[in-house]
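S.K.: The primary structure of each chain is shown beneath.
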Amino acid sequence: MDIDHILAHHLLDRRIAYLFNIGPIPIYLTDHVVMMLIASFLLIAFTLYALKSKSGLGMKSASVFEMAIVYIRDEIVRPNLGVRGDKYLPYFLTLFFFILLCNLMGLVPYGKTATSNIAVTGAMALATFILINISGISEQGLGHYLKSFIHEGLPWPLVPIMFLLEVLGLFTKAFALCIRLFANMIAGHIAILVLICLIFLFQNLWIAPASIIAAVAVSLLEVFICFLHAYVFTLLTALFVGMAVNPQH
Amino acid sequence: MELTFIGWGYVGVGLGAGLAVVGAGLGIGKLVAAALEGSARQPEMAGKLQTTMIIGAALIEGLGLLALITSLLTGLTLNGIAKSATDRSGSTAMQSTGH
Chain A
1 MDIDHILAHH LLDRRIAYLF NIGPIPIYLT DHVVMMLIAS FLLIAFTLYA LKSKSGLGMK
61 SASVFEMAIV YIRDEIVRPN LGVRGDKYLP YFLTLFFFIL LCNLMGLVPY GKTATSNIAV
121 TGAMALATFI LINISGISEQ GLGHYLKSFI HEGLPWPLVP IMFLLEVLGL FTKAFALCIR
181 LFANMIAGHI AILVLICLIF LFQNLWIAPA SIIAAVAVSL LEVFICFLHA YVFTLLTALF
241 VGMAVNPQH
Chain B
1 MELTFIGWGY VGVGLGAGLA VVGAGLGIGK LVAAALEGSA RQPEMAGKLQ TTMIIGAALI
61 EGLGLLALIT SLLTGLTLNG IAKSATDRSG STAMQSTGH
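Sequence lines, in order, name chains A and B.
The first sequence begins at 1 in the working numbering and counts up by one.
The second sequence begins at 1 in the working numbering and counts up by one.
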């Protein structure tokens, strides 16, 4: 009974079917891809239902959805980007609800967490990196955007080092976003798995009550962590895009 | 002989994980203490302070978990190296350490 075999069985994704080839790279259908497709389908279906329905239940779920959307617009996007940040609002809303659904689907039985795959969080951090640069360049122009890396009142020998540090900071911010989400999701699932594996490790049934209660408590903490990290990812993306769009002087 | 090196590797894994938790605990403790003191001095700012505290705690915990994931990966790699080392040298390596 190897711990790393059990972890590899429950946490890594397995290939289900072969889809097609992009050039020399084969694309497979794996567990996490299925989970992401289900999350996207649920999100699109729920949004269309809340938007178009005239029945009582539809209007009420639309107003609950609207509470979350207005919160993201007023507390996350507008303080950092200003009112003209409303054109980036679809990206932030998609990001928040997609990460939230993917995180929560790992907690139901037979579900896997798509964001516990470093490729998924890496792709989202890459999208954020591209958004930061494109929004900075389109709002300020290329020369002005590059000049915003050099802060005011800096003595001229320090300017090359400062420029290099700022460019490095771009990559570090995206990398930290990726690693933060991935590590939190993986650590929660590893903790729950290890607590249940204690029963098999001790080969004794009397540890089962304590182990199960601890696993339930950690799962409840996991629900809070799922919401929190969806919020933190969106907030930090808004912060970085805001810093790129209008740098503080 | 190489089992001694692998053993020290495991000591490093354990020490690294423990130190990471110490760092994260100290950082979050200072943060929550500052937020509590601020909301005790000005109770009307308690909501904003709590929101900022949660964000700061998530960021610090991200760094702590980064170190934990690194030690977890090191431990799993050491498992693989130890398994291949004992398989390659048969059971003579285990016998020569006196167990």
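Treat the hints loosely; a few may be bogus.
As the list claims (entries may be wrong) - According to the in silico footprint, chain A covers these stretches of chain B (three or more CB under 8 Å from chain A):
1. 43 to 50
2. 69 to 76
To be verified - In the DSSO-like style, the derived pairs of lysine-lysine whose C-alpha atoms are separated by at most 27 Å in a straight line are:
3. K52(A) - K147(A)
4. K48(B) - K30(B)
5. K147(A) - K60(A)
6. K48(B) - K173(A)
7. K173(A) - K83(B)
8. K52(A) - K87(A)
Calculated directly from the structure, the hints in this document are not laboratory data.
C-beta: ideal position from N, C-alpha, C; glycine also.
S.K.: Next step is simple, just say for each hint if it's right about the structure.
M.R.: How the hints compare with the structure:
1. 43 to 50: violated (count 0)
2. 69 to 76: holds (count 3)
3. K52(A) - K147(A): Not satisfied, since the Cα-Cα distance of roughly 47 Å exceeds 27 Å.
4. K48(B) - K30(B): holds, 18 Å
5. K147(A) - K60(A): It is violated: about 49 Å lies between the C-alpha atoms, which goes past 27 Å.
6. K48(B) - K173(A): holds, 24 Å
7. K173(A) - K83(B): Given that 27 Å is the threshold and the Cα spacing comes to 38 Å, the pair is violated.
8. K52(A) - K87(A): Given pair K52(A), K87(A) holds - Cα atoms ~23 Å apart, limit 27 Å.
The earlier numbered hints that this structure contradicts are 1, 3, 5, 7.
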